Amino acid sequence: MDSKEIGQLLEKYWNCETSLEEEQLLRSYFNGPDVPEQLKDAAELFRFFEGERRRTLSESFDSDMMRTVKKTERKAKVVSMVRWVQVARIAAGVLVVVVAGYFVRNEVMKTTPEDTFSDPRQALEETKKALMMISKSFGKAKEGVGKINMFNEAEDKITGKEKTSDSTEEDKTNI
Amino acid sequence: MNFEMFESRVLPVKNKLFRFAFRLLGSSEEAKDVVQEVFIRVWNGRDQMADIDNMEAWCMRITRNLSLDKLRARQRKATDSIEDNFDIQQDTHTPYEAAENNENMQRISQLIASLPEKQRQVMHLRDIEGYSYNEICEILELDMNQVKVNLFRARNAVREKFIKINAYGL
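Top to bottom, those sequences are chains U and B. For the first sequence, the numbering used here gives the first residue as 1, with consecutive numbering after it. For the second sequence, the numbering used here gives the first residue as 1, with consecutive numbering after it.
There could be a bad hint or two in this list.
[To be verified] Subject to a maximum C-alpha distance of 20 angstroms in a straight line, what follows is the list of computed SDA-like cross-link-like pairs (lysine to any residue): (1) B:16 - B:61; (2) B:148 - U:11; (3) U:70 - B:45.
[To be verified] Output of the computed footprint for chain B on chain U, the stretches with three or more beta carbons under 8 angstroms from beta carbons of chain B: (4) 15-25; (5) 43-51.
[Unchecked claim] Sample of chain B residues facing chain U (criterion: CB under 10 angstroms; computed from the structure): (6) 102; (7) 108; (8) 109; (9) 156.
No wet-lab data here; the hints were simulated from the structure. All figures in this text were calculated on a predicted structure; none of them were measured in a lab. Heads up, the beta-carbon is just placed ideally off N, CA and C, and yes, glycines get one too.
So here's chain B without its partners, still in its complex pose (with noise of 0.2 angstroms):
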């Protein structure tokens, strides 16, 4: 892989691999970072990297391994709680929020955000990214039953708490 494979076949999928990073550590300066680290480890395996049958996956599943080791890193030595650092508000936001930055989006992103771990990835792959399921088993090492069991409880939960909750007022 030369630098113009480089540029034109792993870095154009900077944006999902940010996207994913974000949502799994809730903040844009790490998720930058973790996009950084696994471009850098593209670029130094590149001679391994032909053996590879799906490059995005790959650097799907490498991006959420690097979230979470920073996520475990940022929980040992914590003292405060990961809410807090949880800041959902960033400066990257989306042309969405800046134009209607209402309550509801928050609620939503609030909502998800407090979803497990699982639930709270394979919700992201499927209805942010549009992944299909196999490549969503593929990133996240996953079954496919696993993968459908947290889908299904991801989308009950927001529709349980947000959809419900806003359609009877309670």
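Only chain U is shown next, with the shape it has when bound in the complex (with noise of 0.2 angstroms):
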């Protein structure tokens, strides 16, 4: 390739309408040999940008990292330790939960009352003798009751003739 075709190109380049192909021939032309005087500076340019290419990381980069990576893996797992045991903390609470509700649900089941008579009649029977012995239980009380009823009345009498007695006092300010 001739220096007029290669200054050409370069103009190309210069309007950013270079393929990538055609960036990589003045590359390697400018990093070559038979380079003419008036494209020097251009050359410079583009032996910087080669020389660029090989600026590298140190040889022991790959070691470091991979030491780095693996180090970091055992974290991880001591984390994934760490969520088991939450997750065993909710499970625990759940189990307690269920057995609780468990033990709660049979004592509920024996306070239900069995039936305790098979024959109607005798059941009707019973069930007369209960409710009698409440009516007998009513009774009594209300025997009691009377008498508290005496204290309401004498305490009405008290208070009546208090009301009275009153009323004469406000009929003496009003003569």
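Given two chains presented individually in distinct reference frames, assemble the corresponding complex, making use of the accompanying hints.
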């Protein structure tokens, strides 16, 4: 490729019209030995680009990096253990609630009364007996309440008197 | 992804990531830290990595983001200017630099370092790494037009400041 063609390609390069292949062509041309004087500066630029491409990390980087990665792997395992502990805690909580629920249910079942009689007539007699007993108790209680009523009547009489005495006083002041 | 896949498919892009981080940060030590951070992220997220079409472009993007974060953190705390931190002459000389570390190379390096951030990124990805425009769009999260405009400005800035000045001796 002669310098005229290179000059044209360079002009395309400045205008950002070159393809990657053409730019590669320029790079290899300018890194070659036969660069004419008038293109010396452009050559410097392309040599700079080529030089920069060779900037690399040190040799030990890979092994350092793999060691670091393996270290973070171990850390990740510890983290997952912590997560398991969390899950176990929640599971334990749920288990306690379920077991407690089971026992409570059993207790409730026990307190539900069973049928004591198979014969309906006998059951009726028993029920009557029970109701009679309640009725008797009510009767006794009523007698007691009657006595309390005496107190109420007495209280009414006293307060009634007071009211009348109040009114007589008022009458007096009016006169 | 297992260790073998990581070693054979991810680790080989290290130098591209390193050079990109170096272009943005100007420090090989910090650039190396960024590359390590990117790889640790890849490894920790290896279960989701299968969904990524272009692993290399993804790594480059993370490299750029982490480098810019570092740059911002540095700007926040630094009392001295970025230029002082931007030590282009590092211990990691390329073989070329070692052989012919002349004035012009330094001038080009400084010239590129002085370009606006986007122009510098686009020029690096195209002219040094040889990425296609589509890949550059993906890495930098820019549209095609922005990529081309930035590349055009970068190339022309270099042309104006280096080629012409040298040619006419101004």
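Problem - In rising order, the numbers of the hints this structure does not comply with - result: none
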